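Novice: One letter stands for each residue in the lines below.
Number of protein chains: 2
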Amino acid sequence: MSAKAIQIYDTTLRDGSQGEGVSFSLQDKLSIARRLAETGIDFIEGGYPLSNEKDVAFFEQIRKDDLGGSKICAFGMTRRRSMKAADDPGMQALVAAQTPCITLVGKTWDYHATEVLRVSLDENLAMIGESTEFLAQSADVIYDAEHFFDGFKANPDYAIDTLKAAASAGAKWLVFCDTNGGTLPEEVADITAKAVNWLSAYGVQIGIHTHNDGELAVANSLAAVDAGATQVQGTINGIGERCGNADLISVMANLAIKKTGYTVLDGRPLTSLTELSRFVYETANLQLRGGQPFVGQSAFAHKGGMHVHAINKAASTYEHIDPAVVGNERRILVSELSGRSNIEAVASQHNIADDKELMNRILAEVVKRENQGYQYENANASFNLLIRRLSETYTPHFNAIKYRIVAGDRDRANSTVFAEAVIKLVVGETLWFDAAEGHGPVDALDAALRKALVDTYPCLNEMRLIDYKVRVVDSGAGTAASIRVNIESGDKDETWGTIGVSENIIEASWQALNDAVEYKLHKEDQKNA
Amino acid sequence: MSAKAIQIYDTTLRDGSQGEGVSFSLQDKLSIARRLAETGIDFIEGGYPLSNEKDVAFFEQIRKDDLGGSKICAFGMTRRRSMKAADDPGMQALVAAQTPCITLVGKTWDYHATEVLRVSLDENLAMIGESTEFLAQSADVIYDAEHFFDGFKANPDYAIDTLKAAASAGAKWLVFCDTNGGTLPEEVADITAKAVNWLSAYGVQIGIHTHNDGELAVANSLAAVDAGATQVQGTINGIGERCGNADLISVMANLAIKKTGYTVLDGRPLTSLTELSRFVYETANLQLRGGQPFVGQSAFAHKGGMHVHAINKAASTYEHIDPAVVGNERRILVSELSGRSNIEAVASQHNIADDKELMNRILAEVVKRENQGYQYENANASFNLLIRRLSETYTPHFNAIKYRIVAGDRDRANSTVFAEAVIKLVVGETLWFDAAEGHGPVDALDAALRKALVDTYPCLNEMRLIDYKVRVVDSGAGTAASIRVNIESGDKDETWGTIGVSENIIEASWQALNDAVEYKLHKEDQKNA
Numbered sequence: 001m002s003a004k005a006i007q008i009y010d011t012t013l014r015d016g017s018q019g020e021g022v023s024f025s026l027q028d029k030l031s032i033a034r035r036l037a038e039t040g041i042d043f044i045e046g047g048y049p050l051s052n053e054k055d056v057a058f059f060e061q062i063r064k065d066d067l068g069g070s071k072i073c074a075f076g077m078t079r080r081r082s083m084k085a086a087d088d089p090g091m092q093a094l095v096a097a098q099t100p101c102i103t104l105v106g107k108t109w110d111y112h113a114t115e116v117l118r119v120s121l122d123e124n125l126a127m128i129g130e131s132t133e134f135l136a137q138s139a140d141v142i143y144d145a146e147h148f149f150d151g152f153k154a155n156p157d158y159a160i161d162t163l164k165a166a167a168s169a170g171a172k173w174l175v176f177c178d179t180n181g182g183t184l185p186e187e188v189a190d191i192t193a194k195a196v197n198w199l200s201a202y203g204v205q206i207g208i209h210t211h212n213d214g215e216l217a218v219a220n221s222l223a224a225v226d227a228g229a230t231q232v233q234g235t236i237n238g239i240g241e242r243c244g245n246a247d248l249i250s251v252m253a254n255l256a257i258k259k260t261g262y263t264v265l266d267g268r269p270l271t272s273l274t275e276l277s278r279f280v281y282e283t284a285n286l287q288l289r290g291g292q293p294f295v296g297q298s299a300f301a302h303k304g305g306m307h308v309h310a311i312n313k314a315a316s317t318y319e320h321i322d323p324a325v326v327g328n329e330r331r332i333l334v335s336e337l338s339g340r341s342n343i344e345a346v347a348s349q350h351n352i353a354d355d356k357e358l359m360n361r362i363l364a365e366v367v368k369r370e371n372q373g374y375q376y377e378n379a380n381a382s383f384n385l386l387i388r389r390l391s392e393t394y395t396p397h398f399n400a401i402k403y404r405i406v407a408g409d410r411d412r413a414n415s416t417v418f419a420e421a422v423i424k425l426v427v428g429e430t431l432w433f434d435a436a437e438g439h440g441p442v443d444a445l446d447a448a449l450r451k452a453l454v455d456t457y458p459c460l461n462e463m464r465l466i467d468y469k470v471r472v473v474d475s476g477a478g479t480a481a482s483i484r485v486n487i488e489s490g491d492k493d494e495t496w497g498t499i500g501v502s503e504n505i506i507e508a509s510w511q512a513l514n515d516a517v518e519y520k521l522h523k524e525d526q527k528n529a
Numbered sequence: 001m002s003a004k005a006i007q008i009y010d011t012t013l014r015d016g017s018q019g020e021g022v023s024f025s026l027q028d029k030l031s032i033a034r035r036l037a038e039t040g041i042d043f044i045e046g047g048y049p050l051s052n053e054k055d056v057a058f059f060e061q062i063r064k065d066d067l068g069g070s071k072i073c074a075f076g077m078t079r080r081r082s083m084k085a086a087d088d089p090g091m092q093a094l095v096a097a098q099t100p101c102i103t104l105v106g107k108t109w110d111y112h113a114t115e116v117l118r119v120s121l122d123e124n125l126a127m128i129g130e131s132t133e134f135l136a137q138s139a140d141v142i143y144d145a146e147h148f149f150d151g152f153k154a155n156p157d158y159a160i161d162t163l164k165a166a167a168s169a170g171a172k173w174l175v176f177c178d179t180n181g182g183t184l185p186e187e188v189a190d191i192t193a194k195a196v197n198w199l200s201a202y203g204v205q206i207g208i209h210t211h212n213d214g215e216l217a218v219a220n221s222l223a224a225v226d227a228g229a230t231q232v233q234g235t236i237n238g239i240g241e242r243c244g245n246a247d248l249i250s251v252m253a254n255l256a257i258k259k260t261g262y263t264v265l266d267g268r269p270l271t272s273l274t275e276l277s278r279f280v281y282e283t284a285n286l287q288l289r290g291g292q293p294f295v296g297q298s299a300f301a302h303k304g305g306m307h308v309h310a311i312n313k314a315a316s317t318y319e320h321i322d323p324a325v326v327g328n329e330r331r332i333l334v335s336e337l338s339g340r341s342n343i344e345a346v347a348s349q350h351n352i353a354d355d356k357e358l359m360n361r362i363l364a365e366v367v368k369r370e371n372q373g374y375q376y377e378n379a380n381a382s383f384n385l386l387i388r389r390l391s392e393t394y395t396p397h398f399n400a401i402k403y404r405i406v407a408g409d410r411d412r413a414n415s416t417v418f419a420e421a422v423i424k425l426v427v428g429e430t431l432w433f434d435a436a437e438g439h440g441p442v443d444a445l446d447a448a449l450r451k452a453l454v455d456t457y458p459c460l461n462e463m464r465l466i467d468y469k470v471r472v473v474d475s476g477a478g479t480a481a482s483i484r485v486n487i488e489s490g491d492k493d494e495t496w497g498t499i500g501v502s503e504n505i506i507e508a509s510w511q512a513l514n515d516a517v518e519y520k521l522h523k524e525d526q527k528n529a
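Protein sequences appear in the order of chains V and W.
To convert, note that position 490 of the first sequence is 490 in our numbering; the numbers rise steadily by one, no gaps.
To convert, note that position 252 of the second sequence is 252 in our numbering; the numbers rise steadily by one, no gaps.
Keep in mind that the hints were calculated from the coordinates and are not lab data.
Here the structure is a predicted model, which means the values were calculated and not measured.
Where is the CB? At the ideal position from N, CA and C, for every residue including glycine.
Mixed in with the good hints there might be a few duds.
Unchecked claim - Computed list of chain V residues with no C-beta within reach of chain W, every gap over 10 Å:
| # | residue |
| --- | --- |
| 1 | Glu38 |
| 2 | Gln98 |
| 3 | Asp110 |
| 4 | Gly182 |
| 5 | Glu215 |
| 6 | Val218 |
| 7 | Lys303 |
| 8 | Glu319 |
| 9 | Val367 |
| 10 | Asn378 |
| 11 | Arg410 |
| 12 | Thr430 |
| 13 | Tyr468 |
| 14 | Lys492 |
| 15 | Asn504 |
| 16 | Lys527 |
What the hints assert, rightly or not - One side only, chain V facing chain W, incomplete, derived with CB under 7 Å:
| # | residue |
| --- | --- |
| 17 | Leu184 |
| 18 | Leu216 |
| 19 | Asn254 |
| 20 | His320 |
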């Protein structure tokens, strides 16, 4: 039997934008839609054209693009009560969006119709049927049955009636929504199978739309597919309200790579998923989730020495798939739990694994530094620089001579907190002595360092600090203990981590800042080489 | 039929510490173990006593605690090849840990035994049987069958033989581990049901241990329970290597609240789960995951206007459970979560719970401060002082006027890092202006503060700083973001936490130091009253 094609429906731009801290500009929406189309996503829900100027503009602009086989969908609710569909401004806005598909959401749960919408059960059926019929004249209608599973559990006959109303009126797809995200996989499997059977006479296709409130959104999507659904709705990275929607990345990877009998994206490879995931995070200005399945930075990261030992012998012992299949890569973390295998694995990426003498020096230095509190697993850039320094293939771009920060509160009653930094450094033959103010001492140091270097190295304008973390290494000794600072920096292409350790938090921050800048300058050299 | 009790086995301190960026101090491990015991977790895996001094010290110290019904487990591997179990240093270290339970991990997958371990299949069985038999003389043995599902798929007979070897030798539990995290729920259900059946003659109980590489760890845990497992292994917040372990928070909530027929934690309420989750994040110095199911800050946050409207009419339309059941809160009513319950708990200690006007003022202040980045879960002393200040039952022991720190490196080539602090404060009528040096700026501030106060308050000699933690609150803005400092202080009787928040790390530290000292002085007054 040939594999069954499962259609992927993305609602990152609509349901995803309901997530806390998510806000897309028009340009963001256009660039994400284009990227989704390049990936081969079947349906791209663009937004809610009623009462949203940005979404109206989105539909106007995206219409001019050639999106290959991807179809743009406009989203809206059934008509208001006691009104003709053609007269309803929501219906008119949906038609005006001129999309090949329209996604219409309606009420399935009797309780929801009567208690929240305050309409009779018959009027709700009429709203669904008449809205579908009106919209089906202009576009393919995808009917999203809100609260389908809760509605079915409360009153299965009425829930199925709402679906039949949409199907009879011309909907091509009926989508079962677990709006609260609280349904269990066995319930999704059972109810979907029953509903698919009861609706088989209508010739419609079935979709599934889940939320992650029980941490089961992906499992629920897969259960529905096994029970007959052929469309999965979700968002990239699972962003969305509350705990988010089903993460389409995990859904696609599980369907195409892990399960048998299904294809997605017309059978294309999934090698662009990692890039797609990071692109959406970056565009939405959200933090990456390191542990995200399949595409996270830690998804194939190995820390335990035994695991690394095993990985080098047989990757399948600790990797459920080849990371390259989803465009991700294996990372070997250097940490207190790691042995020689970890370091050798990293060194081989630098093509120095054959130099045994150098390898021994690196190992000795890493052990010494780990005893001082350095930990390189979140500091790939500092580790890279360490290897370069030890392999003597390294010329620093600047030499710091001294620095000083002053911080305090000039007047407690009026809280006038301040921070200033002074630094002295040499670039080539030139001595730079600069000062800057900042929100805090590290910000001031960063500002002074850039001020001294930016004339020589304008690429530093592209670089920004993303995260700053501090931890006491030996927490038995209070503020006199060693302090470890991790700084994460980034430019438009990538992010990199650096580390500093000292009893003095300012000194530790200064080390990490120096490495962050040095790594950026080194990257730039390689780019221009 | 009465509900079936499912045992919860926590491995946050061992498997969780394999997570990227996770590193627990001894004090962290002890305080997490104690919190897990308070929650009622059945088994608490403390670590790996072989080759890890910190874990050895952990077992020595935790042995002195009364942990109620919770059992501490030491973790280790089967004996080395061609050696008696009694002679193996790993076996000896496990016995020396003197825990009531020992968790022994062994190889199930023929490929893993022959290709990675390089032992014959018979020797692997002997290693499992003899190790179990040796350990069972000292403790209850929980046998973790590594790669159980992959092993079963490759060679079911051999996989079952490894389990029988452990069961015959006296293991009380056999735990099926999805070590790679790549197994699908239907496979877990099918294989678990078969294995449970085949092992039924041995009178052992079955556990499940899953990883989240396919975003299915929770679904897989639930599937195994439905197939007969009565123990679930995982970590708090799902921290762990790669994509993490099964999140015990979601597992417990689904078993006890969503599914029928199961109880966890001896039927206790799950109202402490939200606090437990945040405590572990804070202790591990990890960012909270806002969208985390059940306990995340966004898990019951409502953004869409329609949703908020519906929520006000009927909460169940957009909430799958009552958030209070897991100690969480809806975000549209009171902006922050454990705020109110904390306030009520502390207020009742101060006999002010009846003063509604004061309670409202405290609530408003907490909401305001939480929006600025304050979080009082690890800062009980600052919270106590906040209530005293607002209830106007409070006379400060000193008034800080100003402070200043200078830190830097006088000469990079000879690394002469320094830190100095100057402070000015008033005690009663007396003005103190003092300076001190320190290992870093916070240490210098602490020294100067004590110097100014110790003549008046000699009890400060008994107080010491135990831990110092820093985190960026809005990590999107690099070093210019708000910084939250937590300081843990102690004397011979107890420890207490304080907090400071500012864009400037020195100012945040100063706030936390001031509260730490003020709380100690307040305690002293009460003792002498």
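Novice: It remains to establish, for every hint, whether it holds in the given structure.
Specialist: Hints, verified against the model:
1. The Cβ of Glu38(V) sits about 24 Å from the closest Cβ of chain W, beyond the 10 Å cut-off, so the non-interface label holds.
2. No Cβ of chain W approaches the Cβ of Gln98(V) within 10 Å, the least distance being about 25 Å, so the stated non-interface status holds.
3. Every CB of chain W lies more than 10 Å from the CB of Asp110(V), the least distance being 12 Å, so the non-interface label holds.
4. At roughly 2 Å, the least C-beta separation between Gly182(V) and chain W is not larger than 10 Å, which violates its mark as non-interface.
5. Chain W draws Glu215(V) into its interface by the beta-carbon criterion, the shortest separation being 4 Å against a cut-off of 10 Å.
6. At the 10 Å boundary, the C-beta of Val218(V) falls inside the reach of chain W, the nearest C-beta of that chain being 4 Å off.
7. The Cβ of Lys303(V) sits about 5 Å from the closest Cβ of chain W, inside the 10 Å cut-off, so the non-interface label is violated.
8. Its closest Cβ contact with chain W, about 7 Å, brings Glu319(V) to no more than 10 Å, contrary to its assignment away from the interface.
9. The non-interface label for Val367(V) is consistent with chain W: the shortest C-beta to C-beta separation is roughly 14 Å, beyond 10 Å.
10. Listed as a non-interface residue, Asn378(V) fails to keep its Cβ farther than 10 Å from every Cβ of chain W; the least gap is roughly 5 Å.
11. The beta carbon of Arg410(V) sits about 6 Å from the closest Cβ of chain W, which is not more than 10 Å, so the claim that it is off the interface is violated.
12. The Cβ of Thr430(V) lies farther than 10 Å from every Cβ of chain W, with a closest approach of about 17 Å, so its non-interface assignment holds.
13. Interface exclusion of Tyr468(V) from chain W breaks down, the closest Cβ pair being 5 Å apart, not more than 10 Å.
14. The claim that Lys492(V) is not at the interface with chain W holds, since no C-beta of that chain comes within 10 Å of its own (minimum 15 Å).
15. Listed as outside the interface, Asn504(V) is inconsistent with that label: its C-beta sits roughly 4 Å from the nearest C-beta of chain W, within the 10 Å cut-off.
16. No beta-carbon of chain W comes within 10 Å of the beta-carbon of Lys527(V); the shortest separation is about 23 Å.
17. Interface hint status for Leu184(V): upheld, as the beta-carbon distance to the closest one in chain W is roughly 6 Å, under 7 Å.
18. With a cut of 7 Å, the hint placing Leu216(V) at the interface with chain W holds, because the nearest CB-to-CB distance is about 5 Å.
19. Taking 7 Å as the C-beta cut-off, the interface hint given for Asn254(V) holds, the closest approach to chain W being about 6 Å.
20. With its C-beta approaching chain W no nearer than about 2 Å, His320(V) sits inside the 7 Å limit, and its interface hint holds.
This entry does not satisfy hints 4, 5, 6, 7, 8, 10, 11, 13, 15, going by the numbered hints stated previously.
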